[in-house]
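Keeping their order, the protein sequence lines are chains W and X. 1 is the number of the first residue of the first sequence in this note's numbering; add one for each residue after it. 114 is the number of the first residue of the second sequence in this note's numbering; add one for each residue after it.
One thing to keep in mind: the hints can contain errors.
[Unchecked claim] Derived BS3-like pairs (lysine-lysine); straight-line CA-CA distance at most 30 Å:
1. X:167 <-> W:101
2. X:182 <-> W:57
3. W:57 <-> X:116
Simulated from the structure, these hints should not be mistaken for laboratory data.
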Amino acid sequence: EPEVTQTPSHQVTQMGQEVILRCVPISNHLYFYWYRQILGQKVEFLVSFYNNEISEKSEIFDDQFSVERPDGSNFTLKIRSTKLEDSAMYFCASFDSLNEKLFFGSGTQLSVL
Amino acid sequence: LAKTTQPISMDSYEGQEVNITCSHNNIATNDYITWYQQFPSQGPRFIIQGYKTKVTNEVASLFIPADRKSSTLSLPRVSLSDTAVYYCLLRDNYGQNFVFGPGTRLSVLP
Numbered sequence: 001e002p003e004v005t006q007t008p009s010h011q012v013t014q015m016g017q018e019v020i021l022r023c024v025p026i027s028n029h030l031y032f033y034w035y036r037q038i039l040g041q042k043v044e045f046l047v048s049f050y051n052n053e054i055s056e057k058s059e060i061f062d063d064q065f066s067v068e069r070p071d072g073s074n075f076t077l078k079i080r081s082t083k084l085e086d087s088a089m090y091f092c093a094s095f096d097s098l099n100e101k102l103f104f105g106s107g108t109q110l111s112v113l
Numbered sequence: 114l115a116k117t118t119q120p121i122s123m124d125s126y127e128g129q130e131v132n133i134t135c136s137h138n139n140i141a142t143n144d145y146i147t148w149y150q151q152f153p154s155q156g157p158r159f160i161i162q163g164y165k166t167k168v169t170n171e172v173a174s175l176f177i178p179a180d181r182k183s184s185t186l187s188l189p190r191v192s193l194s195d196t197a198v199y200y201c202l203l204r205d206n207y208g209q210n211f212v213f214g215p216g217t218r219l220s221v222l223p
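All chains, full assembly: derive it from the sequences and hints.
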């Protein structure tokens, strides 16, 4: 089965630092997503991306966040100045529109100290 | 915004059949109903998907009544490894976004 790949699996950073989380979606998919999950809570939608632009974003996705697909392969989430409350597991997903299936990566655990 | 409601938690014993029902009263005509399974510290994993009536695959069955306002995930003969959180997922009414509810935490006991 095709896989969504995320790196790194764990990221520790100091408050106020910038982080970039990386994802390689499934190659023939067109819709990409970032979700996050704070420990013990539900999976929250952050942003969707289609045709090289943001399709929709949630209230969580404020000006500190940005997404990019720089080279047609990678899909990145940047947090410009991390806060303690950004500590969470971040999941990338890509969407198989033919079969209506979302495929998730294994996540990046971000810890902001 | 399509919203789903599920029981917060369920307990079962090994070998039993487990049925988890999700309510989605505002489901849109073009929405598929998809169920995902999530283990701790892992990404959600697709289990099964349907539009109406019944769908069965190698791991589960999905029952959807004619009005599509609910769906039931059926796991036959659960094992300890089926302990996980199960999410019923619909698309956001605005397009291709998928909104997770709190899910159902299934605990399978020996």
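Status of each hint after checking the structure:
Between residue 167 of chain X and residue 101 of chain W the alpha-carbon distance is near 18 Å, which keeps this suggested pair within the 30 Å criterion. The suggested pairing of residue 182 of chain X with residue 57 of chain W holds, with an alpha-carbon distance near 27 Å, which does not exceed 30 Å. At roughly 17 Å between alpha-carbon atoms, residue 57 of chain W and residue 116 of chain X fall within 30 Å of each other, so this suggested pair holds.
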